[in-house]
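Visitor: The listed protein sequences correspond, in order, to chains A and B. 1 is the number of the first residue of the first sequence in my numbering; add one for each residue after it. 258 is the number of the first residue of the second sequence in my numbering; add one for each residue after it.
Chain A is faced by these chain B residues, among others (derived, beta-carbon under 7 angstroms):
hint, residue
1, Gly280
2, Arg285
3, Phe315
4, Leu382
Selected chain B positions facing chain A (in silico; Cβ < 8 angstroms):
hint, residue
5, Val283
6, Arg292
7, Arg379
8, Val383
9, Phe402
Calculated directly from the structure, the hints in this document are not laboratory data. Glycine residues also receive a C-beta, built at the ideal position from the N, C-alpha and C atoms.
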Amino acid sequence: MADRTEWQRAVEPQLRALGREIEVPPASDLTAVVRQRLEGHAGRRRRVPALRAGALRRRPVWRAALVVGVAVLAVLVATPQGRAVISHVLRFAGIELRQAPGPVRSPGSSASLPGERQMSLEEARRQVSFPILVPAALGRPGEVVVSDGGRVASLVYSRTPYGKVLIDEFAGHLDPILFQKFVHFGDVTPVEVNGTKGLWIKGPHLLMYVTRDGVPATASARLTKGNTLIWGTRQVALRLEGKLGQRTALSIADSAH
Amino acid sequence: MRRAIDDAEAVDRAVGGDLDAYGVLVARYTLRAHRAAFLLGAGEDSDDVVQEAFVKAFRHLSRFRVGEPFGPWLLRIVTNETKNLTRSRRRRAALALRLPSAESSGTAAAGPADELLAAEQRAQLVAAVSALPHTERQVLVCRYFLDLSEAETAQVLEWPLGSVKSRTSRALNRLRGQLVPREQNQVLDG
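Work out the full structure, taking the sequences as your base and the hints as a guide.
Guide: Right, dumping it as structure tokens:
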């Protein structure tokens, strides 16, 4: 037993590090249902519609961090459903991709980000802490919207040869998670944009904004249109959405500076 | 606006019936509470446990001492709710711990062999923790996975501080017993 404490001292930091890595299934946003119960009648336990949040926050490190597939190491009690929800998570450029059926959208969803404010590009550049890139291929955006106190800047191109195109920009390399996407991983392809990594997501999927507190804003849930390209530079992460082909999207991304 | 308010002020206002202020606490602590519930054994019922805990916490806010940290106080309620749940299930769920299996950082850091080795060691450690008896697992979860101090762990599990210390020590010993035989060139004691 002589070196017991030494061994304990050695294993403690390992256990702490392990704790940070263990996957925990996504948490639901409970704010609304708790409030409802407190406002209302002595309320019975009620199940919340399954709006899932990314539960485990990873270190805010910029990297193409890809957690594909999860090792099941211990005995499991999870139902097959539960397992499906948590079995695939992939984080990239401030966006969390989950291979899961996705939450049921609440009927009251406004499909907008919190605190949207429309302004000029110049004003937007003063309001956010990251550089706003504009793709030369599309030119000046028809509309610029800054949301959630400068956390996201969106460039809206209402009329392009490809229909409506939307670009969200955010400090995805600093903030852990800003968006959640519920996708089928078969629709996701790694691509290269300007020498850095990007992901091409084919087809519409459910998109949800995640607040600074790490809770998904249920009111923001919406189905994306067309296809999506996500990529990042050292200063900013970008999400391009529209009815574009991969090659067009990549050339637009390449022209962003 | 929401961000400016700290826990103490939020609690203070919530005691006065301000549900917006309480909503700030709910938003702020949902992930932590959910993580605790899951790791302490609530499994797929973690959302329900946390929901119940927040409702109860609000009703018991008057018992909350001014200046006390909100986190451990809430986690104690979460732990109790988890206990109620496992009691009603009449069995304890095995703790299902998972590690992400593949993680690639765009730049090649350590060699693949090192990474594999490290991954295997972590997997062994996770398996060993999962296999611990219930109380010993609880204490390790609190101390290391939730990163609580001994005093906070005592509060959350409602144990005397001495029990936290002795059970931590016992749990670590048992872990070692499971891990050591696999290590090479290790001088075994006793």
